[in-house]
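Given chain X, work out where chain C should sit, using these hints.
There are 2 protein chains.
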Amino acid sequence: MTANDAASYVAERRRLIDQALEGAVTVDGSRLRDAMRYSLLGGGKRIRPIMLLASGEAVGADCAPLLPFACGIEMIHTYSLLHDDLPAMDDDELRRGRPTSHVRYGEALAILAGDALLTDAFTLMTAAAQTYPDPVAAIRAVHEIALAAGAAGMVAGQAEDIAAEGGDADLATVERIHRRKTGALLCAAVRGGAILGGAEEDALTRLTLYGERLGLAFQVVDDVLDATADSGVTGKVGGRDRALGKRTYVELLGVAGARARAVALRDEAVAALDVLGTAAAPLRSLADLVVGRAAAP
Amino acid sequence: MTANDAASYVAERRRLIDQALEGAVTVDGSRLRDAMRYSLLGGGKRIRPIMLLASGEAVGADCAPLLPFACGIEMIHTYSLLHDDLPAMDDDELRRGRPTSHVRYGEALAILAGDALLTDAFTLMTAAAQTYPDPVAAIRAVHEIALAAGAAGMVAGQAEDIAAEGGDADLATVERIHRRKTGALLCAAVRGGAILGGAEEDALTRLTLYGERLGLAFQVVDDVLDATADSGVTGKVGGRDRALGKRTYVELLGVAGARARAVALRDEAVAALDVLGTAAAPLRSLADLVVGRAAAP
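Protein chains in written order, with this note's numbering: chain X, 1 to 297; chain C, 298 to 594.
Hints may be right or wrong, so weigh each one.
What the hints assert, rightly or not - Sample of chain C residues lacking proximity to chain X, with all beta carbon distances greater than 12 Å (derived):
(1) 312
(2) 361
(3) 362
(4) 408
(5) 429
(6) 442
(7) 495
(8) 497
(9) 571
(10) 574
(11) 576
Claimed, not checked - Just the calculated beta-carbon pair ranges, DEER-fashion:
(12) X:60 <-> C:327: 15 to 23 Å
(13) C:327 <-> X:198: 30 to 38 Å
(14) C:393 <-> X:104: 33 to 41 Å
As the list claims (entries may be wrong) - For the chain X half of the interface with chain C, some residues (derived, Cβ under 8 Å), not all of them:
(15) 27
(16) 112
(17) 135
(18) 156
Hints are computed from structural coordinates only; laboratory data are not their basis.
Please read these numbers as outputs of a predicted model, since none were measured by experiment.
For each residue, glycine too, the CB sits at the ideal point set by N, CA and C.
Excised from the complex, chain X in its bound form:
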């Protein structure tokens, strides 16, 4: 697979995911569904669901049966952004270049839309698991995703992130926070795809390493973008981390140091894919995509 092929793989998978997400939350005339769709369908790079597909396909799964699980992980990611933006949390007013949910729909509906996206991610995945070729593998994948999203993963990371605001967290603390806040779900996307694809133990171990390293790289890149890019590029209000008194990789390593760290993590992630050969080309391409966002000085 050439670099060109990999790029078109990513674009095509993104299109399939956008199409599936459109059908995952149907319109029923209620403001609740409107609010869910507003956040879910308002752009987004779809990195996590593409990762799930690419990981599953790398070990031989068909794409179509993986799609509901890919949508589920994007719904969980979207709910987490929606709740993180709330006034009681990061109090953000701009996301993906548009007003955040609570600005547009009010705080009550923003909380409920997040709750519903999270719950219905499981509605969707458990519906698909019942008819998946290997139902027990499908439950195992859903379990990994839930585990990564809850009090052992993403929610714990967010709670710790808020608690650390204004403090003087060191690099190890910042890394632990981000391993849970961002890394866990990204890694679960990769592992979930691999489990759905029936990966052997060795392939699963390699893909887990890839997911862990890339999950960390993702957050380093986010910190670089928050510090350096304007909101026209990120679709968010820039400099929020500093305004909230959050310790970031940029603060700890400098912009150049953070960029170098992201590149090193990407290289470790890609090296872990060696044994998988050309089937893993899309995963390599995704690694470049994640880190490339901040690679240009």
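Same frame as chain X, but now just chain C:
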């Protein structure tokens, strides 16, 4: 099974559930887990999880393998109370006789504790589904619970309830709101247990009818208690519905009319159990328990 036996069945199952819930969210020194445990282990009648057990056992399931699913439904119920109490929602300060989560832990952690309880309910249930005697039945049960909790059920009911505040909703509207807000999850507890127990189609239909009727009765009783009991009995601030401008059964039917409606719904629920014979005695006892809360004038 005598009335006495049924009462001790309920007490014994409540004890098993409390014990299982204690292990479902372990302590790790974090405030997040503390907040989760504060809401989850702070009393509660455990009606939904006992319903799930009683329904599964009525069609022949063993109790022990049902427990993680019973805990899951109680965790989902608890998260919904926690989020409903938030300042942006019902803004309640008292629940089960104690300060609500956001009063005790702050708004950010209350939101996150709710998110984590909801997510980890699925972590727990999908872990148990993998080793359940019939894994596909287990996924189906988890699916029913998720469906009832999300944008087709409980969350939609809560959104509609908030939207209807201060309006002049009629009985049909109030009933539609409560069918989703309270009824759906209660009915899913009954159906989930039945599916886990491998119920035949006819038994499932009967148990569904029981769950629907009792789910409605439950909310009628709640309205009666909100209007008539003091906070020493309910553990909540009384008269909140009226203060929030919510239309209730009591307002629409009067206290005596609402009580009569609850009793009629209970009778319909219990009648649906006829074909199940003595195995359904605990479910009959639960119906009395639900309605008995408000039956005495």
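How does the Cβ-Cβ distance of residue 60 of chain X and residue 327 of chain C compare with 15 to 23 Å: does it lie in that range? With Cβ atoms ~40 Å apart, the hint is violated.
Reported absence of residue 362 of chain C from the contact zone with chain X (all CB gaps over 12 Å): 15 Å, holds
For residue 361 of chain C, is the shortest CB-to-CB distance to chain X above 12 Å, so the non-interface label stands? At roughly 19 Å from the nearest Cβ of chain X, residue 361 of chain C sits farther out than 12 Å, so the non-interface label holds.
Does the CB of residue 135 of chain X sit less than 8 Å away from some CB of chain C? 5 Å, holds
Answer holds if the nearest beta-carbon of chain C is closer than 8 Å to that of residue 27 of chain X; otherwise answer violated. 11 Å, violated
Distance rule for residue 495 of chain C, whose beta carbon must clear each one in chain X by more than 12 Å: 15 Å, holds
Status of the given 33 to 41 Å range, CB of residue 104 of chain X versus CB of residue 393 of chain C: Holds, since residue 393 of chain C and residue 104 of chain X (Cβ atoms, about 34 Å apart) stay within the stated range.
If I take the minimum Cβ distance from residue 574 of chain C to any residue of chain X, is it greater than 12 Å? 31 Å, holds
Does residue 571 of chain C clear chain X by more than 12 Å, comparing its Cβ with all Cβ atoms of that chain? 31 Å, holds
Examine each Cβ of chain X, and state whether all of them lie more than 12 Å from the Cβ of residue 408 of chain C. 6 Å, violated
Using Cβ atoms only, decide whether residue 112 of chain X comes closer than 8 Å to chain C, and label the hint accordingly. Holds, about 5 Å.
Is the nearest Cβ of chain X still more than 12 Å from the Cβ of residue 576 of chain C? 27 Å, holds
Figure legend: structure checked against the earlier numbered hints; hints not met, in rising order: 4, 5, 6, 12 and 15.
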